[in-house]
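Participant: The chain contents come next:
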Amino acid sequence: MIDRTVFKERFVKWVLVAFALSSLLFLFLIFLFILAEGLPLFLKVGVKNIIFGFKWAPTKGYFGIFPMIISSFLVTIGALVIGAPMGLSCAIYLSEYSGKKMKMFLKPALELLAGIPSVVFGFLGVIYIVPLVRNYLGGSGFSLISTSLVLGVMILPTIISISFDALVSVPKTYREGSAAMGATKWQTIYKVIIPSAKSGILASFILGMGRAIGETMAVIMIAGNALKIPGSILDPLRTLTGNIALELAYATGDHRLGLFSTGVVLMVIIMILNYIANFGIKRKIAK
Amino acid sequence: MDTKISTDRLKVFFGKAQVLKEITIAVHRNTITGFMGPSGSGKSTLISVINRMIDFENNVRIEGDAAIDGTSILDGSINPIELRRRVGTVFAVPIPLPRSIFENIAYGPKLKGTTDRTSLHHIVEDSLKKAFLWDEVKDRLSTSALKLSGGQQQRLCLARTLALKPEIILLDEPCSGLDPVSTAKIEDALSELKSEYTIILVSNNTKQIARISDFSAFFYLGELIEYNTTEKVFTTPAESKTEDYIQGKFG
Numbered sequence: 529m530i531d532r533t534v535f536k537e538r539f540v541k542w543v544l545v546a547f548a549l550s551s552l553l554f555l556f557l558i559f560l561f562i563l564a565e566g567l568p569l570f571l572k573v574g575v576k577n578i579i580f581g582f583k584w585a586p587t588k589g590y591f592g593i594f595p596m597i598i599s600s601f602l603v604t605i606g607a608l609v610i611g612a613p614m615g616l617s618c619a620i621y622l623s624e625y626s627g628k629k630m631k632m633f634l635k636p637a638l639e640l641l642a643g644i645p646s647v648v649f650g651f652l653g654v655i656y657i658v659p660l661v662r663n664y665l666g667g668s669g670f671s672l673i674s675t676s677l678v679l680g681v682m683i684l685p686t687i688i689s690i691s692f693d694a695l696v697s698v699p700k701t702y703r704e705g706s707a708a709m710g711a712t713k714w715q716t717i718y719k720v721i722i723p724s725a726k727s728g729i730l731a732s733f734i735l736g737m738g739r740a741i742g743e744t745m746a747v748i749m750i751a752g753n754a755l756k757i758p759g760s761i762l763d764p765l766r767t768l769t770g771n772i773a774l775e776l777a778y779a780t781g782d783h784r785l786g787l788f789s790t791g792v793v794l795m796v797i798i799m800i801l802n803y804i805a806n807f808g809i810k811r812k813i814a815k
Numbered sequence: 261m262d263t264k265i266s267t268d269r270l271k272v273f274f275g276k277a278q279v280l281k282e283i284t285i286a287v288h289r290n291t292i293t294g295f296m297g298p299s300g301s302g303k304s305t306l307i308s309v310i311n312r313m314i315d316f317e318n319n320v321r322i323e324g325d326a327a328i329d330g331t332s333i334l335d336g337s338i339n340p341i342e343l344r345r346r347v348g349t350v351f352a353v354p355i356p357l358p359r360s361i362f363e364n365i366a367y368g369p370k371l372k373g374t375t376d377r378t379s380l381h382h383i384v385e386d387s388l389k390k391a392f393l394w395d396e397v398k399d400r401l402s403t404s405a406l407k408l409s410g411g412q413q414q415r416l417c418l419a420r421t422l423a424l425k426p427e428i429i430l431l432d433e434p435c436s437g438l439d440p441v442s443t444a445k446i447e448d449a450l451s452e453l454k455s456e457y458t459i460i461l462v463s464n465n466t467k468q469i470a471r472i473s474d475f476s477a478f479f480y481l482g483e484l485i486e487y488n489t490t491e492k493v494f495t496t497p498a499e500s501k502t503e504d505y506i507q508g509k510f511g
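Protein sequence lines, in the order shown, are assigned to chains C and H.
The working numbering puts the last residue of the first sequence at 815; the count rises by one with no breaks.
The working numbering puts the last residue of the second sequence at 511; the count rises by one with no breaks.
Keep in mind the hints are simulated off the structure, nothing from the lab.
The structure presented is a predicted model; accordingly, all values stated were derived computationally and were not measured.
Note that beta-carbon positions come from the ideal geometry of N, C-alpha and C, so glycine has one too.
One thing to keep in mind: the hints can contain errors.
[Said to hold, decoys possible] For lysine to any residue, the following SDA-like pairs were computed, each having C-alpha atoms within a straight-line distance of at most 25 Å:
#	chain 1	residue 1	chain 2	residue 2
1	C	Lys700	H	Phe274
2	H	Lys390	H	Phe316
3	C	Lys629	H	Arg471
4	H	Lys372	H	Ile333
5	C	Lys635	C	Gly666
6	C	Lys572	C	Glu775
7	C	Lys713	H	Glu363
8	H	Lys370	C	Glu624
9	C	Lys719	H	Phe274
[As the list claims (entries may be wrong)] What the simulated footprint calls covered on chain H by chain C, stretch by stretch (three residues with Cβ under 8 Å from a Cβ of chain C suffice, anywhere in the stretch; the number is not a length):
#	region
10	347–353
11	359–371
12	454–464
Whenever a hint applies, use it, and build me the whole structure from the sequences.
Facilitator: This is the structure:
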């Protein structure tokens, strides 16, 4: 009888272990396939000609994705410029000022925002943001600034929820100690709580960047997808993700391999961002 | 004797539970007054009324009055932030802010608007000296306050409070986690400070109260049982409850 319960326990445990490890397996397989498809072209054309090449004409043997790398970073930084102050403000409001009722209303709303499909964001961007930019700022409207605006809103849930957790985990004693010294609420937030939560807040920004740099659908709808480094915030641009999504359907041969190479670069960038974010968070916990 | 802090039939309720029952007490200027009593006696609640930290608790109801220099501090027109600059607090667990030693002490004065570097330095040095900490940290003011030992951190918190130039210092079990040497240093500092400040020392440690306080108040289950000079309370207590507590029969 006892043997049977022990067996059951072990069985459940091993089933769970198998499923837990399977996600690791998938990650490994994705890695393997992208590298297997993407690396040969690096060897054939040369790492320098791909990463620092300016010309993308895959049917003619040019695989330069430098403009797309720069563009991806530009929209990401643009998204951060818009999303970070908004997101952090919202997180501060939620953790320090809002009452229970407001929190109960705002948190589900944010989760809903996170759940809206990116094609809907792209659609709204095309219908509203693009004409707005075209009419008031000039250019075609399909531009760096339109993309940044939409991505800035899309990364809000990430930034808010992670910075909120960081702010809430600042010990109550810090708040009391500061208040006992005659600090106002805002002085306490500005001088004690934000510095204490700094690493978590930075991690939220970096994970937001990861989300922005990986976003595809909304970006291809709004960015204009031109193959050059944008000269101003009103110029169109093409990101790494956009490049893959736009061309994969009809690409063959080396062209197709070129898109996988784009994927390799994208994956490496996202891995670096995640590493930085995790490092930041871990350092905080270690303290 | 000159009264600095007074309460008049002060009652405090947390929800339905009454934690202070009609407390009427007058704390004298430039003395150390010890508040003692077992936990749950309401002594900490009483000081949280005096510094208005009770504002941070939910679902609190206060009746009666508390006053400093004869002026009510529960009045709506009192700004609790201004009040907390006059009434400094040192907590049981030292809570240095995650900043340098210098910044910890300069924090309060900076909030008040002192930005001049030389006067800040002056305040920091002066406060650390008064808290008997200067000699131990004068060479490393820019290191993190979190690197100090527990006893040093508590004296840092005392220095930080002194930097606000308060009129009153409230200490809520300031030595509960400290070794005897650190405790002695804090007690020495307090004995010197009473000429300038009115000090309330909340403690479970009756021996400490007997050592350094001029007046002693004994609280039990939200009531003020006895309040008199320390000598009287400890040698000829009027209430048998007080005597039992002092002798360690309960608490």
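Participant: Each of the hints needs a verdict: does it hold here or not?
Facilitator: Against the structure, the hints:
1. Restraint check: the Cα-Cα separation between C/Lys700 and H/Phe274 comes to about 19 Å, which is no more than 25 Å; the hinted pair holds.
2. At most 25 Å may separate the alpha-carbon atoms for a hinted pair to count; H/Lys390 and H/Phe316 exceed this at roughly 30 Å.
3. Between C/Lys629 and H/Arg471 the CA atoms are separated by roughly 50 Å; this puts the pair beyond 25 Å, and the hint is violated.
4. A threshold of 25 Å between alpha carbons decides the hint, and for H/Lys372 with H/Ile333 the separation of about 20 Å falls inside it, so the pair holds.
5. For the given pair, C/Lys635 sits about 37 Å from C/Gly666 by alpha-carbon distance, which is inconsistent with the 25 Å threshold.
6. A distance of roughly 21 Å separates the Cα atoms of C/Lys572 and C/Glu775; the hinted pair therefore holds under the 25 Å criterion.
7. Distance restraint check for C/Lys713 and H/Glu363: the Cα-Cα separation of roughly 18 Å lies within the 25 Å cut-off, and the hinted pair is therefore satisfied.
8. At roughly 22 Å between alpha-carbon atoms, H/Lys370 and C/Glu624 fall within 25 Å of each other, so this suggested pair holds.
9. A hinted pair counts as satisfied when its Cα atoms are at most 25 Å apart, and C/Lys719 with H/Phe274 does not qualify at roughly 31 Å.
10. Counting residues of the region 347–353 of chain H whose CB lies closer than 8 Å to any CB of chain C gives 4, so the stated coverage by that chain holds, three being the minimum.
11. Residues of the region 359–371 of chain H with a Cβ under 8 Å from some Cβ of chain C number 4, which satisfies the need for three, so the listed coverage holds.
12. Figure legend: the region 454–464 of chain H, annotated as covered by chain C; annotation inconsistent (0 residues with Cβ-Cβ distances under 8 Å, at least 3 required).
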